[in-house]
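Visitor: One letter stands for each residue in the lines below.
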Amino acid sequence: MKRAGVALAFLLIAVGAFEPFYVRIFTVDRAQLHASMTALPYRKTAGLREFYLDVRRWTRPGERIAIFPTHTRWTGGYAYLYERALYPLAGRQVVALVEPNDRARPDHLARVDAVAAWHSAPQLPGFVEAERGEHGVLLRRSR
Amino acid sequence: MIATLTVIALAIALGWPIATKLEPHRAPIARAGEAFLLGAGVLWAVTLLLDVTGVGWGRVVWVGVVGVVGVVGVFSVFGFRFSVLRRARSVAERSTENQQPKTENTRLSPVDLLTLLVVAGYTLLATAASPWEFDYLTDFGLKARQFFEQGGIDWADLRAHDLVVSFHPDYPLLLPLLFADVSIVAGEWTDRWLGLFNVAFGAALILIIRAEIARERHRAALATAILAPLALSPWVGLADGPLTAYIAAAILAIRRGAVTTGALLLGLAASTKNEGLSMIVAVAVAMLVAGRARELVRLWPAVAIPLPWLVLRGVHGLATDLTSGSVTERLVNMLTKPKVFLGTLAKYPVGKRWLWLGIAVALVVRGRTILTRDRFAATAVLLQFVFYLGAYLTTPHDLDWHIQWSWDRLVSHLAPVFAFVAVAALLENE
Numbered sequence: 001m002k003r004a005g006v007a008l009a010f011l012l013i014a015v016g017a018f019e020p021f022y023v024r025i026f027t028v029d030r031a032q033l034h035a036s037m038t039a040l041p042y043r044k045t046a047g048l049r050e051f052y053l054d055v056r057r058w059t060r061p062g063e064r065i066a067i068f069p070t071h072t073r074w075t076g077g078y079a080y081l082y083e084r085a086l087y088p089l090a091g092r093q094v095v096a097l098v099e100p101n102d103r104a105r106p107d108h109l110a111r112v113d114a115v116a117a118w119h120s121a122p123q124l125p126g127f128v129e130a131e132r133g134e135h136g137v138l139l140r141r142s143r
Numbered sequence: 001m002i003a004t005l006t007v008i009a010l011a012i013a014l015g016w017p018i019a020t021k022l023e024p025h026r027a028p029i030a031r032a033g034e035a036f037l038l039g040a041g042v043l044w045a046v047t048l049l050l051d052v053t054g055v056g057w058g059r060v061v062w063v064g065v066v067g068v069v070g071v072v073g074v075f076s077v078f079g080f081r082f083s084v085l086r087r088a089r090s091v092a093e094r095s096t097e098n099q100q101p102k103t104e105n106t107r108l109s110p111v112d113l114l115t116l117l118v119v120a121g122y123t124l125l126a127t128a129a130s131p132w133e134f135d136y137l138t139d140f141g142l143k144a145r146q147f148f149e150q151g152g153i154d155w156a157d158l159r160a161h162d163l164v165v166s167f168h169p170d171y172p173l174l175l176p177l178l179f180a181d182v183s184i185v186a187g188e189w190t191d192r193w194l195g196l197f198n199v200a201f202g203a204a205l206i207l208i209i210r211a212e213i214a215r216e217r218h219r220a221a222l223a224t225a226i227l228a229p230l231a232l233s234p235w236v237g238l239a240d241g242p243l244t245a246y247i248a249a250a251i252l253a254i255r256r257g258a259v260t261t262g263a264l265l266l267g268l269a270a271s272t273k274n275e276g277l278s279m280i281v282a283v284a285v286a287m288l289v290a291g292r293a294r295e296l297v298r299l300w301p302a303v304a305i306p307l308p309w310l311v312l313r314g315v316h317g318l319a320t321d322l323t324s325g326s327v328t329e330r331l332v333n334m335l336t337k338p339k340v341f342l343g344t345l346a347k348y349p350v351g352k353r354w355l356w357l358g359i360a361v362a363l364v365v366r367g368r369t370i371l372t373r374d375r376f377a378a379t380a381v382l383l384q385f386v387f388y389l390g391a392y393l394t395t396p397h398d399l400d401w402h403i404q405w406s407w408d409r410l411v412s413h414l415a416p417v418f419a420f421v422a423v424a425a426l427l428e429n430e
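Chains as they are written, first to last, in the working numbering: chain A, 1 to 143; chain B, 1 to 430.
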């Protein structure tokens, strides 16, 4: 009886600890896996990763960049846009124009050098379109 | 890839003399695992020290200091070899638990190919792309990238992300600084192969487990293959994998009587994630429960290693979310509605249910063995589990959200030790 218990425990631990994907991965297309993992954090927003890579290229370290509220509510999409800007735009200061309580903060525009607008081309007083890419535009303060 | 592999190789090289000095008779595979874990800590300490002393992270300076530290390490081992051997013998004699033969049987078996297969598969996953986890992009990776681009730790930036819940300014910086080290070596920001650190930490723990199991019984290779996936964290780029390795390696070291090794690893666990701090308390209490009170004082490195970071985070005013506001009020509030608490816990899976069921069966059939031989290890991880529940009881966040996004990760920190204790007991008398 005890031997059966030991065998059962071994079996359960072995089955429970096993990660099938660590073996199945040998049959997975490597290029496809690379593409899907790279896109995974941005999957809900088409072209967002590419857009932020463009913004990084268009801006310099130390610049203050506001993220335009293409989605106007924090939990309705703005947090997604804002949080995912931080890593690709590291070295710049990323500024939110919406607060977690959904309050819009247009006053923050006064302290930024540029506005990154994904899937949008807003007209903002004091800013002009400086760059345009496939997935959005970068506005810079007009001189 | 070369820069990442270089940093991993440097960690092993820096840690090797320390591991050798601590336990000269250790099996080479276990020493390799411990060398990486300890050496990663040395790299973190060097990088942190270069920043806080204002020397900076220039590539030449960084490589030079790491080189000097390495030479000093090698000299300290070979220069004092004989006294070290004497001391190691006395440490081994002081072991109060785990009275198996001290010879580690780590001869390779064909069954080890199973473990190798799992590690190879995991490597393909971990290096499929640059780390993609949200917490990497908004915490560990973000800090590393920001620091590298600023040429040092950006204390102002650490205080500037109050809108991002997953950005923990108070988290210790071992992993972000290791990531930054790769870019210091490369001379530019590079994140493509950072997943190799997950592989290195996981492999280090597997090597240690292999040696520990070998100390126990013969079916070491099969047991290691069974336990290996638990050491390989699916959360690539997050600190949970490294923390798991440090916690498990520390407990297994103290379990076999190597308290100083365990204390160093515990200190590095506390320098990886805040959960490592509570692990120090759990280990200390577990040593008391296991009748090892006289050895408690030898845990001092576990407290000394994270202390500088705790001072720095206090000086720079880096807030800890769990201790914000009235903790007592939140605790009392949650205790008055246990159904909500337990119901939320039950709502989300606690990782691998068959594994926990197997451990439960092991407890039934080998409970006496576990309680007598592994009272220390079992108590340590059980206490840490209770601390995790305590964090949920006092959480300032929405309980459902907090549990949903952390429960399985937290439990994964402890799974290798729980499973190891169960497997070791099952192998007993077989």
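Honestly, the hints are just simulated from the structure, not real lab data.
Hints may be right or wrong, so weigh each one.
Here are the computed lysine to aspartate or glutamate pairs in the EDC-like style, where the Cα-Cα straight-line distance is at most 16 Å [claimed, not checked]:
{"no.": "1", "chain 1": "A", "residue 1": "K44", "chain 2": "B", "residue 2": "D154"}
{"no.": "2", "chain 1": "B", "residue 1": "K347", "chain 2": "B", "residue 2": "E428"}
{"no.": "3", "chain 1": "B", "residue 1": "K339", "chain 2": "B", "residue 2": "D400"}
{"no.": "4", "chain 1": "A", "residue 1": "K2", "chain 2": "B", "residue 2": "E428"}
{"no.": "5", "chain 1": "B", "residue 1": "K337", "chain 2": "B", "residue 2": "E428"}
{"no.": "6", "chain 1": "B", "residue 1": "K337", "chain 2": "B", "residue 2": "D408"}
Source: prediction; values computed, not measured.
Visitor: Do the alpha carbons of B/K339 and B/D400 lie within 16 Å of each other, as the hint requires?
Guide: holds (13 Å)
Visitor: For the pair supplied as a hint, B/K347 and B/E428, confirm whether the alpha-carbon distance does not exceed 16 Å.
Guide: violated (36 Å)
Visitor: Run the distance test for B/K337 versus B/D408: straight-line Cα separation, threshold 16 Å.
Guide: violated (23 Å)
Visitor: Assess, step by step, whether the Cα of A/K44 is no farther than 16 Å from the Cα of B/D154, and give holds or violated.
Guide: violated (31 Å)
Visitor: Is the Cα-Cα distance between A/K2 and B/E428 16 Å or less?
Guide: holds (12 Å)
Visitor: Against the 16 Å threshold, does the CA-CA distance of B/K337 and B/E428 hold or violate the hint?
Guide: Status violated; Cα separation ~43 Å.
Going through the hint list in order, the structure does not satisfy hints 1, 2, 5, 6.
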